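The chain contents come next:
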Amino acid sequence: MSEFIQLHMLVSYPPSNLNRDDLGKPKTARMGGAQRLRVSSQSLKRAWRESEIFQEAFDGHLGIRTKEMGWQVYRALKSGQGLADVLAENESAPVRPAIEEKKAVAWAQQIAGRFGKLKKPKDSKDDDEKVDPEKQKKESLCVEQMVHFSPAEIAAIDDLLGRLAEGGKKPEEKDLELLRAERTGVDIAMFGRMLAASPAFNCDAAVQVAHAITVHKVAVEDDYFTAVDDLNHRDEDSGAGHVGQAEFAAGLFYAYLCVNRDLLAENLDGDEELTDRGVEALVEAAAKVGPKGKQNSFASRAYASYILAERGSEQPRSLSVAFLKPVEGDDYLTAAVDELRTTRQNMEKVYGACADGCVEMNAATGEGSLDEVLAFVTGDHA
Amino acid sequence: MPEFLIVRLYGPLASWGGIAVGQYRPAESHPSWSGVLGLVAAALGIRREDVAGQAALRESYHMATLVHTEGTLLRDYHTTQVPSATVKKRAWPFATRREELSVPRDHLNTILSSREYYCDTLATVALWPMVDDPPYSLAEIAEALRHPAFVPYLGRKSCPLALPLLPQVVEGADLYEAFSAVRFPDQEILADIPGRGDSGTLFWDSEGETGFESENTYTAPRRDVPLDRMTWQFAERDEHRAQVLVPEGVR
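Keeping their order, the protein sequence lines are chains A and B.
The numbering used here puts the first residue of the first sequence at 1, with every later residue one more than the last.
The numbering used here puts the first residue of the second sequence at 383, with every later residue one more than the last.
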């Protein structure tokens, strides 16, 4: 038995082409025998996990991103201080023997080199400017691209530094292998990873995301467009420099996702605080972030208009049956909210309780709030 | 009197995978043994890497499926952005997807695949023991389906169930009696699924009589017996099918 958090959302997108097929058309599906607009689950997940919301929520917790780890490792070796203290600029006492300059540089380079290509320091011969040797040394210890280090990994490096300092010998190949051990990111814990080649890094996704499908019938429309060449002064002809066709459609989507909270916590090594922060970031991203396809043409940014969140250990189920019969009329949103509520009630009537509790947020009527939804999904757990 | 566990499978999209090699990921219109077994294993909390647990399930139960409507085929064009092999080798494993894609643009490649789904498909599935001492009683499986350990889905994780499975354990001399003994109180909710009628297709894997009246039985091999969830290997089994009249209770 696990605890599930289910999110049912209604999101309205103006004319747009968020998620395209191989012909450049918006993706579609049939539901209840009628054509609907569709945004694939993969497309939604990509938008969420790439969002600033995700990044900001986990930046502190996921360790640090730096090009300078080699430099910090050198400083730790040279001073004998713990790596975490060096990174935090703490004035701490040495915890192990200090390593002499030359060895510290060489070992730090060896370690940093495992995380990326080492920078080539500027040579004073290339330039008339005098190069500061300290700056040159620092540069020789940095890698070219940002590398992410998790707290566990920083601890693993520190552990290695301890062993190197005690043994006084340079790191062996197998010592450096250790640095590549476990480092599961929050988004991998949520959306999983499957690798035939290295199953040790596999992770079963704790979050299930359905394809978002419109609650109503949709006909995809063609936009025939022309572009006039700015340098055409109509001396010879006044025709368009380019003609093309773009397909688009607008729709009110039903989106559904389900978090297996127990599995998410397990994937995050039982870190409850990080699990809650993950759920919170996911729900906020789902409410505020959508796929970015063709944004320059359509500027179709949208926030969820309605959210229903549920929690419980009963078998999760989406409420898409509410829209098997396409919604009609001149107020899709109100009709869709009604359908969703009625279906949920009817389902509870015929099957018994499908969740322990739920909260709603309705941006059309101003009822509820995203904060309330976030508090609900991260509230006390059974 | 033999016992049967009966559940109903419905979701707007389902993807019961067929033989998938390379970029073409086909789906079949009716549940696979591997898909249903996976759903049951997930509910019970039996993990993919638990080879013995998976094998015990596989070797202990029979499955029959009554497909009310197979729905319409959907082919999804899917692209995935990945860093080039050299970048991957150097920086593997990445902490986040964002980091994986933060390499210079010309180091990113696109992988194409074509994935199939079925829209508007509805099926009722029966499970019953193949051996005298199955690892779980049908009642235990039913309880796990009501309160699962991992989320059950229709072949692919992006295909959630859109109705409770409503597991029911019933007695019956044969499949026909079992299917006739169950009741699903959701006929109203499912009224708008197109193509539902009196007739359906029954698929089963046992040699005994089904009790259904059907004139033609057709048998074909299907490669959907999961041998190893980690290496993704499957064996063949014989699957029988016949056009039948759907009993009132599940119609």
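Honestly, the hints are just simulated from the structure, not real lab data.
Just to be clear, a hint being listed does not mean it is correct.
The list that follows gives simulated cross-link-like pairs (lysine-lysine, DSS-like), each with its CA atoms no further than 30 Å apart [said to hold, decoys possible]:
1. A:67 x A:78
2. A:169 x A:78
3. A:122 x A:102
4. B:539 x A:288
5. A:135 x A:103
6. A:119 x A:78
7. B:539 x A:325
8. A:325 x A:25
9. A:25 x A:67
10. B:539 x A:102
11. A:169 x A:130
12. A:349 x B:539
13. A:78 x A:137
14. B:539 x A:169
15. A:349 x A:25
16. A:174 x A:130
17. A:25 x A:102
18. A:122 x B:539
19. A:122 x A:67
20. A:120 x A:170
21. B:539 x A:138
Note that the structure is predicted; figures quoted are calculated from it, not measured.
List of violated hint numbers, smallest to largest: Hint check: 9, 10, 11, 14, 15, 16, 17, 18, 21 fail, others pass.
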